[in-house]
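Enquirer: So the chains spell out like this:
There are 2 protein chains.
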Amino acid sequence: MCTSRPIGFVGSPYHDTANIPKGLGAKHAAEGVLKILPELEPGLTDIEGFSHLIVLWEFDRSQGFELIGTPPCDNRPHGVFATRSPRRPNPIGLTIVELLRREGPSLHVRGLDMLDGTSILDIKPYLTGIPTEVIRRGWLAEAEAGKQ
Amino acid sequence: MCTSRPIGFVGSPYHDTANIPKGLGAKHAAEGVLKILPELEPGLTDIEGFSHLIVLWEFDRSQGFELIGTPPCDNRPHGVFATRSPRRPNPIGLTIVELLRREGPSLHVRGLDMLDGTSILDIKPYLTGIPTEVIRRGWLAEAEAGKQ
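Sequences listed follow chains A and B, in order.
The first sequence runs 792 to 939 under this note's numbering.
The second sequence runs 792 to 939 under this note's numbering.
It cannot be assumed that every hint is accurate.
Sample of chain B residues with no beta-carbon within 12 Å of chain A, all distances over it, derived [claimed, not checked]:
1. Ala809
2. Thr874
3. Asp907
4. Gly937
Partner residues aside, some chain A positions facing chain B, computed with beta carbon under 8 Å [unchecked claim]:
5. Cys793
6. Val824
7. Leu835
8. His843
9. Gln854
10. Ala873
11. Arg875
12. Leu906
13. Ser910
14. Ile914
15. Ile921
16. Val925
17. Arg927
FYI, nobody ran anything at the bench for these hints, they're computed from the structure.
Idealized CB from N, CA, C, for every residue including glycine.
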């Protein structure tokens with residue numbers, strides 16, 4: 792068992808999951824703040840040098856999980872580990888955000904898709920991307936192709 | 792508090808952290824197996840279509856954390872959230888691996904940097920990369936430039 796406690800909380804414009812863009816072509820351009828606990832602020836030293844951050848957070852308003860589910864962007868069911876569904880065995884979410892600026896323990900970022908008040912579990916620098924041309928995106932690419 | 796249980800375990804050639812490539816220019820080309828619990832196998836449905844996976848795992852042999860530390864690839868200290876240090880407030884690791892093939896509940900992958908037996912917390916499809924030209928990598932880029 793691995794027990795995590797929040798390192799901070801998300802300040803987001805989203806107060807209801809219905810307002811978060813989902814599905815094919817959803818753009819996550821919302822700006823907000825990652826409010827890190829003041830006692831952990833030294834852990835942010837030098838983070839300003841990174842343009843993008845990986846945020847791990849808790850799907851704290853999601854209950855239970857399902858191994859097979861139909862995502863909002865397709866009409867076919869897929870395994871939970873082949874989707875970003877919130878209803879996962881361990882309800883950990885992952886979002887890559889653009890760091891706009893830091894003010895003490897607060898990181899102003901763009902690209903949020905979490906609800907206001909969401910617990911943050913970890914922040915890591917985003918270091919390298921897989922070149923776009925080698926990424927295969929399985930059912931998601933098929934769903935996108937079908938919608939065109 | 793967020794409590795996670797393993798969804799499976801890593802079969803890795805690394806049995807000692809000393810053998811895992813670290814620091815500047817470290818290449819993670821090790822092959823191994825993500826052994827998912829048989830009862831969760833339905834959650835892998837359609838995962839074969841993705842070339843790369845995000846693996847969240849537990850630094851289960853790491854004790855405690857430090858907010859400021861000096862990583863193996865630099866001689867200057869940095870905040871823990873600006874590094875990939877295992878000594879984090881929540882000991883969650885993240886690795887992007889290439890999916891080679893699936894055999895039932897076992898995912899054969901390339902690019903491991905975890906120890907053999909490491910607990911896996913989640914697997915997500917890798918969907919999009921940030922274009923390399925817009926990624927800024929702060930102290931790490933400086934450390935690399937200094938070594939040339």
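Enquirer: Give a verdict on every hint.
Expert: Okay, the hints, checked on the actual structure:
1. Ala809: The claim stands: Ala809 (chain B) keeps its Cβ more than 12 Å from every Cβ of chain A (closest is about 22 Å).
2. Thr874: 7 Å, violated
3. Asp907: 18 Å, holds
4. Gly937: Holds, because the least Cβ-Cβ distance between Gly937 (chain B) and chain A comes to about 14 Å, which exceeds 12 Å.
5. Cys793: Holds - the Cβ of Cys793 (chain A) comes within 8 Å of chain B, reaching about 4 Å at its closest.
6. Val824: It is violated, given that the least Cβ distance between Val824 (chain A) and chain B is near 15 Å, above 8 Å.
7. Leu835: 5 Å, holds
8. His843: OK, holds: His843 (chain A) within 8 Å of chain B, min 5 Å.
9. Gln854: This interface hint is violated because 14 Å lies over the 8 Å limit.
10. Ala873: Holds. Min distance 4 Å.
11. Arg875: Check passed: Cβ of Arg875 (chain A) comes within 6 Å of chain B, closer than 8 Å.
12. Leu906: 15 Å, violated
13. Ser910: The hint holds - Ser910 (chain A) has a Cβ within 8 Å of chain B, the shortest such distance being about 7 Å.
14. Ile914: This interface hint holds because 4 Å falls under the 8 Å limit.
15. Ile921: This hint holds: Ile921 (chain A) lies near chain B, its Cβ roughly 5 Å from the closest one there, short of 8 Å.
16. Val925: Holds, about 6 Å.
17. Arg927: Holds, because the Cβ-Cβ distance from Arg927 (chain A) to chain B comes to roughly 4 Å (cut-off 8 Å).
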